[in-house]
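Engineer: As a plain string of letters, each chain reads:
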Amino acid sequence: MRAVNYNPKLRLQIMVILVSLLVIFNIFGGYFTRFFIAEIAILSIFAISLDFIASRGGMVSLGHAMFLGIGAYSTAILSINYGIPPFYSTFLSIIIGLLIALFIGYFIVLLDGIFFIMVTLALGEMFHAWVFTSELLGGSDGIPGIMRPSLTFIGFDLNEPLVFSFYSIFWLIIAYYFIAKITDAPLGRNLDAIRQNTSRVSAIGGYTKAYKAIAFSISAGIASLAGSLYVQLNGFISPELTHWTVSGEGLIMIIVGGIGSVSGAILGASVVHIIQHELSNIISWWMFIIGFGFILVVLFMQDGLWGLIERIKKKFG
Amino acid sequence: MKLEINNISKSYGSVNVLENINILSDKKECIGIIGPNGAGKSTLFKIISGIIKQDNGLVEFNNKNINNYSVEQRSRLGISQSFQKNSLFLEMSVKESLMLASSHKYKISFNLFKPLITNNFIIKNAIKIAKDIGLEDYLEVKSEFLAYGLQRQLELGIAIASSPKLLLLDEPTAGMSPAETKDIIKLIKKLSKDYSIIIVEHDMEVIYNLANNIYVLDRGKLVFEGSPSAVKKSKLVQKIYLGI
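Chains E and W are the protein sequences, given in the same order.
For the first sequence, counting from 1, position 18 maps to 20 in the numbering used here; every step adds exactly one.
For the second sequence, counting from 1, position 116 maps to 127 in the numbering used here; every step adds exactly one.
Hints are computed from structural coordinates only; laboratory data are not their basis.
The beta carbon of each residue, even a glycine, is placed where N, CA and C say it ideally should be.
Just so you know, not all the hints are guaranteed correct.
Label-pair restraints from in silico Cβ distances [unchecked claim]:
#: 1; chain 1: E; residue 1: LYS316; chain 2: W; residue 2: LYS135; range: 44 to 50 Å
#: 2; chain 1: E; residue 1: ILE26; chain 2: W; residue 2: ILE128; range: 32 to 38 Å
#: 3; chain 1: W; residue 1: LYS75; chain 2: E; residue 2: PHE318; range: 58 to 64 Å
#: 4; chain 1: W; residue 1: SER240; chain 2: E; residue 2: LYS316; range: 20 to 26 Å
#: 5; chain 1: E; residue 1: ILE26; chain 2: W; residue 2: LYS135; range: 28 to 34 Å
#: 6; chain 1: E; residue 1: ILE285; chain 2: W; residue 2: PHE124; range: 44 to 50 Å
#: 7; chain 1: E; residue 1: LYS211; chain 2: W; residue 2: ASN78; range: 17 to 23 Å
#: 8; chain 1: E; residue 1: GLY32; chain 2: W; residue 2: PHE124; range: 53 to 59 Å
Computed list of lysine to aspartate or glutamate pairs in EDC-like fashion (alpha-carbon distance at most 16 Å, straight line) [said to hold, decoys possible]:
#: 9; chain 1: W; residue 1: LYS200; chain 2: W; residue 2: GLU216
#: 10; chain 1: W; residue 1: LYS125; chain 2: E; residue 2: ASP186
#: 11; chain 1: E; residue 1: LYS211; chain 2: W; residue 2: GLU83
#: 12; chain 1: W; residue 1: LYS64; chain 2: W; residue 2: GLU30
#: 13; chain 1: W; residue 1: LYS244; chain 2: W; residue 2: GLU216
#: 14; chain 1: W; residue 1: LYS201; chain 2: W; residue 2: GLU40
Construct the complete structure from the given sequences, taking the supplied hints into account.
Structural biologist: What follows is the structure, encoded as structure tokens:
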């Protein structure tokens, strides 16, 4: 699997434009637009987490929604059952996701291609099945009544859609910054090298398994953050969030955006979510169109929208 | 540097690929391992580098039993290798490939936040190696766009970037034109001043040009050991290679 050209400068430029657009639409939009912006920001965080392990380490996960679920359910349980403030629940959820992934990663990160995909799919489905029947986690009904964090002591009421959207955008910027930093650091470059040629990284003395396990764990922590924000946005969590199709949609987003570009994941999440929403308002067979569009991207534009932007930039200087 | 290979044997099913091979290298030298196709050269190379494990025998490096060491662990001990088929990071530039290859030596590979390109000592090291292997004009070129001969040079560069104690070269001239072969021989000769080298090769001329000591394998057995001139004169070697 190829990633897009490594280009930190373009990555930052696209990120700045995207965040600016999100901020502008958030300021001038109505209630629904602001909710929608928050959704895009959260989906983007999830897409960044998937993009990171796919492009840095070559780990394509069809079970990553499990970590979205772990973040979401942890936040719900910690804040409702244990009375931990939602803001701190978010941090604890990230740590829980990170640690679970470190344990799982120890056993699975060295699996190649299809085996890694299928094992993550199996793990994700096992988790989904457990969540669906677990009384503690509300079974198929899920858990309602999840509160948003209270930041009134610094003058922010996160129950305001405008403020919560900014809060989500803030976390998106943090996630982007964190992953962009790691991508450029020796660990990230080694992970990129592992995707390209694992045996050569071993031959030069690289700690292949450790690098991949760390990446898997970091990615899971970020997916858990997205899950935590998701339940705070909606106020409830249902098992549907942990279904493998959610991971599949995440992969579609990063392919559309351009694998390995970080900001391409945000672009892909934004475009796919907007198209999904707009099309579903117009026609009932919108999934057919999405599927067809995805096939076109894979056939003719493997470096996604990132590649398109790169070509346009080259053409017009 | 001391490498000792004691009574190494390896078989696949009923086929004995290697039988009681003994090799000792305890000084800076260039050892050649030759033999016709199926002699067991590549298997021996893979056993020394840790890619596969022998059935019997012992591999010792600097008096340490490394039988159970993986490729990664052997590399960290100072055993580096280049592959018969180019094994590069095709989407990376020459400079970045060399920087990455030395990031383990400088113990910065777990660094999460400082960009690799801001490590000046690693950049300097990469540029020095690029000069050593004749790729200083291609530093920013992606590996996939290099000509085959230049890719072979980069293959060597990646192997030496971690300043190994022992360099294992598997058919370094494989697939090269006569002119490219000449260049790579020159390069390996230059490297042999700084590194202990073991070359596995089927091209006798390459080995005669480079090795101080040659081990000749035939059907899994070590049949001759000696200097290039002794090997040249050996009737046994001529028989193995030329069938006369």
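Engineer: Where does the structure disagree with the numbered hints, that is, which hint numbers, in rising order?
Structural biologist: 1, 4, 5 and 8
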